[in-house]
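Taken in sequence, the protein lines are chains A and B.
Sequential numbering of the first sequence, starting at 1, is according to my numbering.
Sequential numbering of the second sequence, starting at 1, is according to my numbering.
Calculated directly from the structure, the hints in this document are not laboratory data.
Think of the CB as a built atom: it goes at the ideal place given N, C-alpha and C, for glycine as much as any other residue.
Just to be clear, a hint being listed does not mean it is correct.
[To be verified] Under the rule of at most 25 Å between Cα atoms (straight-line distance), these lysine to any residue pairs were calculated in the SDA-like manner: (1) B:242 x B:414; (2) B:98 x A:145; (3) B:191 x A:55; (4) B:98 x A:150; (5) B:191 x A:66; (6) B:319 x A:52; (7) B:98 x A:51; (8) B:319 x A:152; (9) A:145 x B:279; (10) B:319 x A:51; (11) B:191 x A:27; (12) B:62 x B:103; (13) B:91 x B:54; (14) A:130 x B:388; (15) B:98 x A:154; (16) B:388 x B:44; (17) B:319 x A:85; (18) A:4 x A:85; (19) B:388 x B:370; (20) B:98 x B:152; (21) B:191 x A:51; (22) B:191 x A:145; (23) B:191 x A:143; (24) A:143 x B:277; (25) A:145 x B:175; (26) A:130 x B:138.
[Stated by the list, open to error] Computed Cβ-Cβ distance ranges for the label pairs, DEER-style: (27) B:373 x A:125: 20 to 30 Å; (28) B:79 x A:125: 37 to 47 Å; (29) B:282 x A:32: 55 to 65 Å; (30) B:220 x A:122: 18 to 28 Å; (31) B:177 x A:109: 18 to 28 Å.
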Amino acid sequence: MTTKTDLDRDLIHRLRIDALVADYIHCIDEDRLEEWPDYFTADGRYKVITRENFDLGLPVALIYCDGRGMFEDRISALRTANIYEPHVYCHMVSALKILDSSGPEIKTQSNFTITRTMSEGGMMTFLCGKIFDTVTEVDGELKFKERTVILDSRRIDTLLVIPV
Amino acid sequence: MDTAQIAPGTDFVWPSEDVSQIPFRVYTDQDLYDREQRVLFQGPTWNFLCLDCEIPEPGDYKMTYIGDAPIVVVRDENGDINAMVNRCAHKGSLICYKPRGNVKEFACIYHNWTYNLRGKLTGVAFGKGVRGKGGLTEEFKHDEHGLERIRVENVRGFIMGTFSDETPPFAEYIGEELMASIDRVFIKPLKVLGYHSQIFPNNWKLYVENNKDSYHASLLHVFHNTFGVVRPTMTGGIKLSKSGWHHLSYTQREEIGDENIAKENLRSKQDDYALSDTRMMQHVLELGDQVTNSIQTVFPTMVLQQILNAIAVRQLIPKGVHESELIWTILGFEDDDADMDELRLQVNNLVGPAGFISMEDGCVGGFIQTAAKANGDAQTILPMGGRKIEPSVGSRVTESAVRGFWKGWRECMGV
Numbered sequence: 001m002t003t004k005t006d007l008d009r010d011l012i013h014r015l016r017i018d019a020l021v022a023d024y025i026h027c028i029d030e031d032r033l034e035e036w037p038d039y040f041t042a043d044g045r046y047k048v049i050t051r052e053n054f055d056l057g058l059p060v061a062l063i064y065c066d067g068r069g070m071f072e073d074r075i076s077a078l079r080t081a082n083i084y085e086p087h088v089y090c091h092m093v094s095a096l097k098i099l100d101s102s103g104p105e106i107k108t109q110s111n112f113t114i115t116r117t118m119s120e121g122g123m124m125t126f127l128c129g130k131i132f133d134t135v136t137e138v139d140g141e142l143k144f145k146e147r148t149v150i151l152d153s154r155r156i157d158t159l160l161v162i163p164v
Numbered sequence: 001m002d003t004a005q006i007a008p009g010t011d012f013v014w015p016s017e018d019v020s021q022i023p024f025r026v027y028t029d030q031d032l033y034d035r036e037q038r039v040l041f042q043g044p045t046w047n048f049l050c051l052d053c054e055i056p057e058p059g060d061y062k063m064t065y066i067g068d069a070p071i072v073v074v075r076d077e078n079g080d081i082n083a084m085v086n087r088c089a090h091k092g093s094l095i096c097y098k099p100r101g102n103v104k105e106f107a108c109i110y111h112n113w114t115y116n117l118r119g120k121l122t123g124v125a126f127g128k129g130v131r132g133k134g135g136l137t138e139e140f141k142h143d144e145h146g147l148e149r150i151r152v153e154n155v156r157g158f159i160m161g162t163f164s165d166e167t168p169p170f171a172e173y174i175g176e177e178l179m180a181s182i183d184r185v186f187i188k189p190l191k192v193l194g195y196h197s198q199i200f201p202n203n204w205k206l207y208v209e210n211n212k213d214s215y216h217a218s219l220l221h222v223f224h225n226t227f228g229v230v231r232p233t234m235t236g237g238i239k240l241s242k243s244g245w246h247h248l249s250y251t252q253r254e255e256i257g258d259e260n261i262a263k264e265n266l267r268s269k270q271d272d273y274a275l276s277d278t279r280m281m282q283h284v285l286e287l288g289d290q291v292t293n294s295i296q297t298v299f300p301t302m303v304l305q306q307i308l309n310a311i312a313v314r315q316l317i318p319k320g321v322h323e324s325e326l327i328w329t330i331l332g333f334e335d336d337d338a339d340m341d342e343l344r345l346q347v348n349n350l351v352g353p354a355g356f357i358s359m360e361d362g363c364v365g366g367f368i369q370t371a372a373k374a375n376g377d378a379q380t381i382l383p384m385g386g387r388k389i390e391p392s393v394g395s396r397v398t399e400s401a402v403r404g405f406w407k408g409w410r411e412c413m414g415v
């Protein structure tokens with residue numbers, strides 16, 4: 001349980017992380033994907049993995065980025081190489097919980113849902129699950145050092161191209 | 001092949017002389033789908049069930065499917081692997097409803113009928129009734145009410161299953177040459193690195209065709225071309241089983257001399273687009289040859305994949321006429337060290353539902369399904385490489401293997 005002492009201590013962290021997450025999801029939902037790598041540290045790690053694999057202790061992810069170059073390659077590939085029906089996400093992130101704020105890196109968890117709307121207008125609940133983040137400060141700004149997105153469903157409808 | 005034959009239970013007649021024209025109706029017709037379940041999936045075909053290494057201990061089981069039929073695969077007390085239809089002999093409830101686990105016996109949750117790990121009925125709750133009333137009569141014979149057993153074969157750690165006694169042994173089914181290409185890749189004990197599942201908005205056969213269609217590879221999946229990682233030194237080809245049912249498509253580097261390496265580098269440096277991080281294109285030559293890409297299909301719905309160091313088995317499950325599910329089981333070798341584990345995770349960015357060179361396969365089938373729904377009487381054509389079903393050396397610009405699939409489909413379906 002989060003105590004009053006925890007809240008008093010983490011209030012500023014909560015506000016700053018909330019702002020970081022808001023900036024992050026609006027960047028993706030508004031298709032400013034070239035800015036996406038900037039939300040991570042240069043050595044940032046990012047994984048989108050199913051709950052099935054995570055719970056079984058299996059390492060394979062749907063998307064795995066290790067270091068800035070891989071983040072950039074994800075975006076340049078979806079812009080120039082990959083073919084898919086145009087679509088947009090709407091992220092809903094909630095229930096931010098601070099897991100550890102004792103050191104310079106803050107660990108958090110939150111829930112998310114993403115709806116996907118196709119160019120023809122159809123909308124579906126595309127993904128939901130939990131996000132585990134490790135956030136750190138770089139030159140006065142918060143960045144994700146590690147972001148692990150755990151999908152409740154293992155079934156990906158058609159394909160996954162835009163990052164979560 | 002008698003072209004005028006009507007598929008029993010349907011009014012479908014194959015409309016042409018050979019398999020170079022495919023009627024759209026095969027992707028949309030419920031009667032044909034129902035017949036496929038009976039005579040193709042439950043007919044003389046081998047279907048991938050699971051891996052030997054997924055159920056290492058006695059009592060370990062895994063749920064899977066052959067077509068629409070739910071199957072449970074289990075290792076028994078003797079270490080033997082059994083596969084049964086996951087359907088209680090009493091009311092037909094699933095006897096197993098958790099995807100994997102370990103059991104001493106199977107107990108149906110509905111009326112607590114129990115089965116041993118070989119599918120034999122061992123107990124019926126209240127079989128003797130209560131206070132002498134109710135229960136089974138003498139005519140009921142436990143031996144006649146076991147789970148329906150499936151024939152299994154362990155092929156290099158892949159557990160294959162077939163409903164039919166007519167199906168030839170697996171090695172004979174795919175033939176010597178394609179058996180050798182399984183042996184080329186799966187050289188050591190395997191381990192599972194993870195699973196993916198991808199739902200396709202299309203009939204299962206469109207995805208099977210896509211795997212056999214090496215012609216589309218560089219046209220639909222332009223990642224390699226875009227990022228200059230196509231090597232001019234590549235050659236490739238298609239191998240086909242004698243039956244035409246199964247295929248292998250491969251690419252390999254020719255012996256690389258300095259001159260050729262210079263060509264490869266030139267191509268990537270000149271390009272406007274280059275990868276920022278090329279780690280996922282690394283290739284540790286672990287199989288003792290220069291094959292970069294090997295896609296092998298086993299009729300009807302199994303795919304064995306080696307793309308650089310990304311190895312996997314893919315299992316396609318039909319989900320009604322207009323949908324299918326692809327289960328990817330991502331593999332490594334049991335003796336991989338930490339560096340190799342990490343390399344495989346990086347290379348796996350290329351494949352899966354979010355894979356740089358595979359994601360398009362998720363949407364292209366749906367694009368065809370949309371057309372098929374509206375054009376039942378029209379047909380697709382498969383002209384590349386002529387009308388024959390034959391291997392190809394040096395070129396993958398052929399639809400020979402797709403025609404081979406349709407030959408197998410017609411033979412199973414009796415049309």
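Here's how the hints hold up against the structure:
{"no.": "1", "hint": "B:242 x B:414", "in the structure": "holds (19 Å)"}
{"no.": "2", "hint": "B:98 x A:145", "in the structure": "violated (36 Å)"}
{"no.": "3", "hint": "B:191 x A:55", "in the structure": "holds (17 Å)"}
{"no.": "4", "hint": "B:98 x A:150", "in the structure": "holds (20 Å)"}
{"no.": "5", "hint": "B:191 x A:66", "in the structure": "holds (23 Å)"}
{"no.": "6", "hint": "B:319 x A:52", "in the structure": "holds (21 Å)"}
{"no.": "7", "hint": "B:98 x A:51", "in the structure": "holds (15 Å)"}
{"no.": "8", "hint": "B:319 x A:152", "in the structure": "holds (21 Å)"}
{"no.": "9", "hint": "A:145 x B:279", "in the structure": "holds (20 Å)"}
{"no.": "10", "hint": "B:319 x A:51", "in the structure": "holds (22 Å)"}
{"no.": "11", "hint": "B:191 x A:27", "in the structure": "violated (38 Å)"}
{"no.": "12", "hint": "B:62 x B:103", "in the structure": "holds (11 Å)"}
{"no.": "13", "hint": "B:91 x B:54", "in the structure": "violated (29 Å)"}
{"no.": "14", "hint": "A:130 x B:388", "in the structure": "violated (52 Å)"}
{"no.": "15", "hint": "B:98 x A:154", "in the structure": "holds (15 Å)"}
{"no.": "16", "hint": "B:388 x B:44", "in the structure": "holds (24 Å)"}
{"no.": "17", "hint": "B:319 x A:85", "in the structure": "holds (22 Å)"}
{"no.": "18", "hint": "A:4 x A:85", "in the structure": "violated (48 Å)"}
{"no.": "19", "hint": "B:388 x B:370", "in the structure": "violated (29 Å)"}
{"no.": "20", "hint": "B:98 x B:152", "in the structure": "holds (22 Å)"}
{"no.": "21", "hint": "B:191 x A:51", "in the structure": "holds (19 Å)"}
{"no.": "22", "hint": "B:191 x A:145", "in the structure": "violated (30 Å)"}
{"no.": "23", "hint": "B:191 x A:143", "in the structure": "violated (35 Å)"}
{"no.": "24", "hint": "A:143 x B:277", "in the structure": "holds (21 Å)"}
{"no.": "25", "hint": "A:145 x B:175", "in the structure": "violated (51 Å)"}
{"no.": "26", "hint": "A:130 x B:138", "in the structure": "violated (56 Å)"}
{"no.": "27", "hint": "B:373 x A:125: 20 to 30 Å", "in the structure": "holds (24 Å)"}
{"no.": "28", "hint": "B:79 x A:125: 37 to 47 Å", "in the structure": "holds (44 Å)"}
{"no.": "29", "hint": "B:282 x A:32: 55 to 65 Å", "in the structure": "violated (31 Å)"}
{"no.": "30", "hint": "B:220 x A:122: 18 to 28 Å", "in the structure": "holds (23 Å)"}
{"no.": "31", "hint": "B:177 x A:109: 18 to 28 Å", "in the structure": "violated (52 Å)"}
The structure fails hints 2, 11, 13, 14, 18, 19, 22, 23, 25, 26, 29 and 31 (numbered hints given earlier, in ascending order).
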